[in-house]
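Those protein sequence lines, which keep their order, are chains A and B. First residue of the first sequence: 1, per my numbering; consecutive thereafter. First residue of the second sequence: 1001, per my numbering; consecutive thereafter.
Think of the hints as simulated: they come from the structure by calculation, not from any bench. Every value quoted in this text rests on a predicted model; they were computed, and no experiment measured them. Even for Gly, the Cβ is constructed at its ideal location relative to N, Cα and C. A few of these clues could be false.
[Unchecked claim] Below 25 Å or equal to it, Euclidean Cα-Cα: the simulated DSS-like pairs (lysine-lysine) are: (1) K1012/B / K150/A; (2) K1043/B / K1104/B; (3) K1247/B / K1257/B; (4) K1247/B / K12/A; (5) K150/A / K104/A; (6) K1043/B / K1027/B; (7) K1012/B / K1027/B; (8) K1150/B / K27/A; (9) K247/A / K257/A; (10) K12/A / K27/A; (11) K27/A / K43/A; (12) K150/A / K1027/B.
[To be verified] Here are some chain B residues the structure puts well away from chain A; computed CB gaps all over 12 Å: (13) T1038; (14) A1050; (15) A1053; (16) R1070; (17) S1100; (18) G1106; (19) K1257; (20) I1269; (21) Y1283; (22) E1299.
Number of protein chains: 2
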Amino acid sequence: MATARSKDAKDKRPTINDIARLSGYSKTAVSFAFNDPTRIGQKTREQILAVAAQIGYIPDPMARNFSLRRHRSIGFLLPQIIHYTLRNPYMMQVIQGIGSVCQKYGYTLTLIPPLNESITEAVRNAAVDGLITIGMKVEMEIVDIMRQRKLPFVTIDGTPSQMMPSVNIDDEAAAYSIMRQVLAEGHRDMVIVSLPDDAFTTGASDDTSVPTLRKRGYERALGEVGLSLESPSVETMVSECTLEDGKHTAHLITKLKTRPTAIVTMSDIVAIGCILYLDEHGYSIPGDISIVGFDNIQESVLVTPRLTTVDQPAADKGYMAAEVLFRMINGEDCEDTRLIIPYRTIIRNSLGPVPERLDETP
Amino acid sequence: MATARSKDAKDKRPTINDIARLSGYSKTAVSFAFNDPTRIGQKTREQILAVAAQIGYIPDPMARNFSLRRHRSIGFLLPQIIHYTLRNPYMMQVIQGIGSVCQKYGYTLTLIPPLNESITEAVRNAAVDGLITIGMKVEMEIVDIMRQRKLPFVTIDGTPSQMMPSVNIDDEAAAYSIMRQVLAEGHRDMVIVSLPDDAFTTGASDDTSVPTLRKRGYERALGEVGLSLESPSVETMVSECTLEDGKHTAHLITKLKTRPTAIVTMSDIVAIGCILYLDEHGYSIPGDISIVGFDNIQESVLVTPRLTTVDQPAADKGYMAAEVLFRMINGEDCEDTRLIIPYRTIIRNSLGPVPERLDETP
DNA sequence: CTGAAAGCGCTTACAG
DNA sequence: CTGAAAGCGCTTACAG
Chain A
1 MATARSKDAK
11 DKRPTINDIA
21 RLSGYSKTAV
31 SFAFNDPTRI
41 GQKTREQILA
51 VAAQIGYIPD
61 PMARNFSLRR
71 HRSIGFLLPQ
81 IIHYTLRNPY
91 MMQVIQGIGS
101 VCQKYGYTLT
111 LIPPLNESIT
121 EAVRNAAVDG
131 LITIGMKVEM
141 EIVDIMRQRK
151 LPFVTIDGTP
161 SQMMPSVNID
171 DEAAAYSIMR
181 QVLAEGHRDM
191 VIVSLPDDAF
201 TTGASDDTSV
211 PTLRKRGYER
221 ALGEVGLSLE
231 SPSVETMVSE
241 CTLEDGKHTA
251 HLITKLKTRP
261 TAIVTMSDIV
271 AIGCILYLDE
281 HGYSIPGDIS
291 IVGFDNIQES
301 VLVTPRLTTV
311 DQPAADKGYM
321 AAEVLFRMIN
331 GEDCEDTRLI
341 IPYRTIIRNS
351 LGPVPERLDE
361 TP
Chain B
1001 MATARSKDAK
1011 DKRPTINDIA
1021 RLSGYSKTAV
1031 SFAFNDPTRI
1041 GQKTREQILA
1051 VAAQIGYIPD
1061 PMARNFSLRR
1071 HRSIGFLLPQ
1081 IIHYTLRNPY
1091 MMQVIQGIGS
1101 VCQKYGYTLT
1111 LIPPLNESIT
1121 EAVRNAAVDG
1131 LITIGMKVEM
1141 EIVDIMRQRK
1151 LPFVTIDGTP
1161 SQMMPSVNID
1171 DEAAAYSIMR
1181 QVLAEGHRDM
1191 VIVSLPDDAF
1201 TTGASDDTSV
1211 PTLRKRGYER
1221 ALGEVGLSLE
1231 SPSVETMVSE
1241 CTLEDGKHTA
1251 HLITKLKTRP
1261 TAIVTMSDIV
1271 AIGCILYLDE
1281 HGYSIPGDIS
1291 IVGFDNIQES
1301 VLVTPRLTTV
1311 DQPAADKGYM
1321 AAEVLFRMIN
1331 GEDCEDTRLI
1341 IPYRTIIRNS
1351 LGPVPERLDE
1361 TP
């Protein structure tokens, strides 16, 4: 109701000028009273602070930041709409890692969703001192903007080939390694559930996005047993990184002409979705069908059976990326930083030997 | 190495003045070219945009925000250090709800950790248009600062008694309701695992914090069977909202003189921690001991047995709080908004009847 | 359609 | 120890 009025009220905040006038000192003195007490007399300071307290003056953070040319905040660019991004525990761990560093340095962490569907706009307008991006085959346009703005940035799970600091695991090797486990159990009929190309991905031919690297790792392992991603017994599907879509994918898999004996996913949350759906529909895991994940999120030990997966230290990724970013914010040159952090394949119970097929015995 | 130099480079960003000079138009025209094309001629605009593109000019978001007196970001005040906060799936759901609304309105979401241990400092300095707080019996000091700054704010899981917009469930009723379920199964020996008093909580006697309200609900149900929180068979403990601390709490419980038949927790993540620990140490759930949670996070259906708990729609809480906040940011008066959203008690398998005690038969 | 100028609320060399 | 003044990079009435 009192729309206009309450807007007006907002503008009544006292400014440094009011305090200067009321206290009888200069703006300079008032500023020093708050920021550098040593520069003025004890009494002066007390008097200034007194009138400030009395009329409820708090220096405007926006004006300070503008004057100081910094925000005390770093940005995290969300690759998808928030609804998807923040449902993925892996992402949350990354955010936690970044957040810990922010807290350490007294910074805030700004989550930046695509602005009216435009990541470009979001990057142009972000009021931050630096940016962390994730899972992107960075569009050149976005990189350009960050450079134009002289905004330091580091990318997680991005393509390390670009001219920018990055932190990754060796996705190709990790994928190879877990696929070998799957093949060692005798599986030859499988579906690979890939990640959707995220918003940053272009269809470039020099593609080194995470899904591509992992597929390359799978392919290498498959090759060792005479298979490839094109083999008829190797199906490829794509699932959003949510429990729901994982379930949906499992549903699709059960509808397949020839049912696979293994599902190889690129994310635990999808793998767990598959387990939940299949368990609910009477399949035994890994008795009827084996499932492996990727990430080793906390939840992977909660499901039954517990997930065989690849451990990647998500919080560490965020932590290290943030540390590099802060070094850049402080003027250090880290353009060439390419962090590869170790992965581990974790053997638990969701992967088992190929079930004997009764229909295959004559 | 080139520390000083790269700092200098940073300052070379072109400003609106450069574009004005280079294009031969005024600052006004340049500003309009970017913000209100109708105010200048087509050709003018094109020329200005051309030189802007050529030398890579992007209007400084900080300066714009300062001039426009807004940030296009809302803040979420983290009640604890990030390490704890962001590990709790419940909290993540709340953030997701808030984030969805931010995305909808083209805002960013600023996560604000306690600044060098001081929430007060963090609130003074936060560069945001509004604030959402969670789980706080709000310190008067913090409220004062938000008011002084004329910063609209709404609180989730806070005490609705304060003069501020809030969104809650009826914690007293919810706790009463789940405790009745526990008692109905015959449990009389139990431990109640409460939430830690969060950073915002004062020890005030008019305490209406969430843990207190819930305890009141428990007490009411206990009273109906002649028990109270002070009864010798009713133990109270406190656990941090993390899986680890949940496990630790379960450990402590196994060391108790007389082992309870039920554990009543105030958060699923703690309940799951208990289940994991007890399961690992050979206890059957609910055969030997029953456990109930609170929140109904996604993970509560992943554990075995699945959790009996109270469903509170965490994402909705965030969503609705953010919607109210945006109305306030747009000048609406929502001071009296007190949202109570519905809860449901969810019966699954982690709660069972009291086990027969062999040692009690003569 | 266009521009000169004031203003947003701070900080900080610089001079006294 | 203190203050007048310039400056941060924009926006926007206002006048032409």
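We went through each hint and held it up to the structure:
no., hint, verdict
1, K1012/B / K150/A, "holds, 9 Å"
2, K1043/B / K1104/B, "violated, 34 Å"
3, K1247/B / K1257/B, "holds, 18 Å"
4, K1247/B / K12/A, "violated, 52 Å"
5, K150/A / K104/A, "holds, 24 Å"
6, K1043/B / K1027/B, "holds, 16 Å"
7, K1012/B / K1027/B, "holds, 18 Å"
8, K1150/B / K27/A, "holds, 22 Å"
9, K247/A / K257/A, "holds, 18 Å"
10, K12/A / K27/A, "holds, 18 Å"
11, K27/A / K43/A, "holds, 16 Å"
12, K150/A / K1027/B, "holds, 22 Å"
13, T1038, "holds, 20 Å"
14, A1050, "holds, 15 Å"
15, A1053, "violated, 10 Å"
16, R1070, "violated, 9 Å"
17, S1100, "violated, 5 Å"
18, G1106, "violated, 5 Å"
19, K1257, "holds, 31 Å"
20, I1269, "violated, 9 Å"
21, Y1283, "holds, 17 Å"
22, E1299, "violated, 6 Å"
Hints 2, 4, 15, 16, 17, 18, 20 and 22, counting from the list given before, are not met by this structure.
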